[in-house]
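**Q** Turn these sequences into a full structure, and let the hints steer you where they fit.
What follows is the residue order along each chain.
2 protein chains.
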Amino acid sequence: MDAWPEARASNPELQQSVSPGRRWGEFAPREKNGVYGSIFGRRDVRSFLPDPIPGDVLVRILTAAHHAPSVGFMQPWDFVLVRDLDTRKRVRELSDKERRAAAVFFEEPRRDKYLSMKLEGILDAPLNLCVTCEPTRGGPQVLGRNSIPETDVYSTCLAVQNLWLAARAEGVGVGWVSILRNAELREILRVPPHVIPVAYLCLGYPKGGFPNEPLLQSAGWRDRLPLGSLVHYERWDRREHPGWKGFDGALGG
Amino acid sequence: MDAWPEARASNPELQQSVSPGRRWGEFAPREKNGVYGSIFGRRDVRSFLPDPIPGDVLVRILTAAHHAPSVGFMQPWDFVLVRDLDTRKRVRELSDKERRAAAVFFEEPRRDKYLSMKLEGILDAPLNLCVTCEPTRGGPQVLGRNSIPETDVYSTCLAVQNLWLAARAEGVGVGWVSILRNAELREILRVPPHVIPVAYLCLGYPKGGFPNEPLLQSAGWRDRLPLGSLVHYERWDRREHPGWKGFDGALGG
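These protein sequence lines map, in sequence, to chains A and B.
Under the numbering used here, read the first sequence as residues 1 to 253, first letter to last.
Under the numbering used here, read the second sequence as residues 1001 to 1253, first letter to last.
None of these hints come from the bench; they were simulated from the model.
Just so we're clear, the structure is a prediction, and the values are computed from it rather than from any experiment.
All C-beta atoms, glycine included, are put in the ideal place defined by N, C-alpha and C.
Honestly, I wouldn't trust all of these hints.
What the hints assert, rightly or not - Label-pair restraints from in silico Cβ distances: (1) A:R238 / B:G1220: 41 to 49 Å; (2) B:K1207 / A:D56: 35 to 43 Å; (3) B:D1051 / A:R238: 46 to 54 Å; (4) A:R238 / B:P1193: 34 to 42 Å; (5) B:P1126 / A:P126: 45 to 53 Å; (6) A:D86 / B:L1049: 50 to 58 Å; (7) B:G1139 / A:R238: 20 to 28 Å; (8) A:R100 / B:G1208: 31 to 39 Å; (9) B:S1116 / A:G252: 25 to 33 Å; (10) A:R111 / B:E1187: 38 to 46 Å; (11) B:P1054 / A:M117: 39 to 47 Å; (12) B:H1241 / A:R110: 54 to 62 Å; (13) B:P1193 / A:P242: 21 to 29 Å.
Claimed, not checked - Keeping only pairs whose Cα atoms sit at most 25 Å apart, straight-line, the calculated DSS-like set for lysine-lysine is: (14) B:K1245 / B:K1113; (15) A:K245 / B:K1089; (16) B:K1097 / B:K1118; (17) B:K1118 / B:K1089; (18) A:K97 / A:K118; (19) A:K89 / B:K1245.
Said to hold, decoys possible - Covered, in the sense of this in silico footprint (three residues per stretch, anywhere, with C-beta under 8 Å from a C-beta of chain A), are these stretches of chain B: (20) 1059 to 1071; (21) 1095 to 1105; (22) 1147 to 1158; (23) 1226 to 1235.
**A** Put into structure tokens, the structure is as follows:
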């Protein structure tokens, strides 16, 4: 049986199954390496080359997003592809206003640093993409969404991460512009009032390649937290537990 | 330079770089296959074998989650690991109440179908994991979070998807239980009132392997939408556009 026909249709190189001989089990080392490589090598990219993304690559990236999990299989996402320069200029202007407004809340020397950082590549990137959430898709009763209605937006975020990782595997950089106001963005892109613009993304080949570490880390803005400091055992208020002896040491931090 | 020391510390098999010779560029076909294999072969798993997840595998999966993108690098996630049977029984009871309450809103024959489906593996799975979002992490001013404060929860969702895909590569199944009420869940796990339980997950090796298609699809509950029906060109209200001629055909649907 064909496990991912949509993806292979646009990518003849893609093999039907991973790990021959252990079909749905653990991946082969090289495949595993690909998965971890995309996770650890993914970056928020803000500097792009002007080269366009080939159509087949874009189809694969969007197909990956569309295969995210969603509550009740509601698939609440939509993808607005934006290449038009005038539209991007309007979004860029909006983001710049938000950036300057946010600067007011930082104290020096953080404010200067904040204003000196390149935070988006809206105009450099050959493609912008707005991923939205349509909360009414699937009708008023979506399986699994009765208790926590925000799971529609959660599902949309999972699609964004699929897209981000597939893009990394294709050598395509993605940057998420969160310094935007949804009301204005809706107006620019004609998004209906009930639809939520979840992610405004810039896509393109990264100028100078993918950085080795997150930009905010190399800029000295903030460091990665030790994983061990984020793990709780059996209950939130237990940072160690006899049943988990040894494991906390393996986590480090 | 070592690109992902944390991951390799717990996985000597993992190679330092993908695609030797094109270090930060496109991945080799087999690595790409791994990425797409995890994306398309990932499932919401509800039937688990009792076998425990080895510590090193769990460390790698959590490390993958911790390497998700986050707004302003705030890393708002925490991980509550739950093996205790009494705790899981309480969560299972809560989920069952929510499930029956939600059933009231479905009309027959959907209601019968809904009630007949296995929606969670809280007690079968050897491990439960609650991924939370701590909105105050990083202080009152988080870079990039001024305009859309919910980006903290969005970041937490991205971490969940990293975890889900890394687990798939390790042969570990993950199921998201969304039929829960956060107030009660906070009480059971002693999560502080301002912290948001974003995802309650069941983890373990899948009984009978990973299904070929989503369970709600094979159960005839809902089908996957054609990707082409979800793509908009330049603006929300444009389902075709002269600048995108040919691309819409490549999408199908």
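**Q** Hint by hint, say whether it matches the structure.
**A** Right, here's what the structure says about each hint:
1. Between A:R238 and B:G1220 the CB atoms are about 43 Å apart, so this pair conforms to the stated range of 41 to 49 Å.
2. Checked against the given bound of 35 to 43 Å, the beta carbons of B:K1207 and A:D56, roughly 37 Å apart, stay inside it.
3. Look at B:D1051 against A:R238: about 25 Å separates their beta carbons, and that is not inside 46 to 54 Å.
4. In this structure, A:R238 and B:P1193 break the distance hint of 34 to 42 Å, their C-beta atoms being roughly 18 Å apart.
5. The supplied range of 45 to 53 Å is met by B:P1126 and A:P126, whose beta-carbon atoms lie about 47 Å from each other.
6. At about 56 Å, the beta-carbon gap between A:D86 and B:L1049 stays in the expected band of 50 to 58 Å.
7. At roughly 26 Å, the beta carbons of B:G1139 and A:R238 sit within the given window of 20 to 28 Å.
8. A hinted range of 31 to 39 Å for the beta carbons of A:R100 and B:G1208 is inconsistent with their spacing of about 56 Å.
9. Between B:S1116 and A:G252 the CB atoms are about 45 Å apart, so this pair departs from the stated range of 25 to 33 Å.
10. In this structure the supplied range 38 to 46 Å holds for A:R111 paired with B:E1187, their Cβ-Cβ distance being about 41 Å.
11. The hinted window of 39 to 47 Å between B:P1054 and A:M117 holds, with their beta carbons roughly 41 Å apart.
12. For the pair B:H1241 and A:R110, the beta carbons lie near 42 Å from each other, so the given range of 54 to 62 Å is not met.
13. The supplied range of 21 to 29 Å is met by B:P1193 and A:P242, whose beta-carbon atoms lie about 28 Å from each other.
14. This hinted pair does not check out: B:K1245 and B:K1113 have alpha carbons roughly 43 Å apart, beyond 25 Å.
15. For a cut-off of 25 Å, the pair hint linking A:K245 to B:K1089 stands: about 23 Å separates their Cα positions.
16. Restraint check for B:K1097 and B:K1118: the C-alpha separation of about 14 Å stays at or below 25 Å, so the hint holds.
17. Proposed proximity of B:K1118 and B:K1089 is supported: the alpha carbons are some 16 Å apart, at most 25 Å.
18. Restraint check: the Cα-Cα separation between A:K97 and A:K118 comes to about 14 Å, which is no more than 25 Å; the hinted pair holds.
19. Distance hint between A:K89 and B:K1245 is fulfilled; the C-alpha atoms sit about 23 Å from each other, no more than 25 Å.
20. Coverage of the region 1059 to 1071 of chain B by chain A holds in this model, with 10 residues showing a Cβ closer than 8 Å to a Cβ of that chain against a need of three.
21. Taking a C-beta to C-beta cut-off of 8 Å, the region 1095 to 1105 of chain B contributes 4 residues in contact with chain A, enough for the three needed, and the coverage statement holds.
22. Interface restraint, the region 1147 to 1158 of chain B with chain A: holds (8 residues with C-beta to C-beta distance below 8 Å; minimum three).
23. By the rule of at least three residues with a Cβ nearer than 8 Å to a Cβ of chain A, the coverage given for the region 1226 to 1235 of chain B holds, with 7 such residues.
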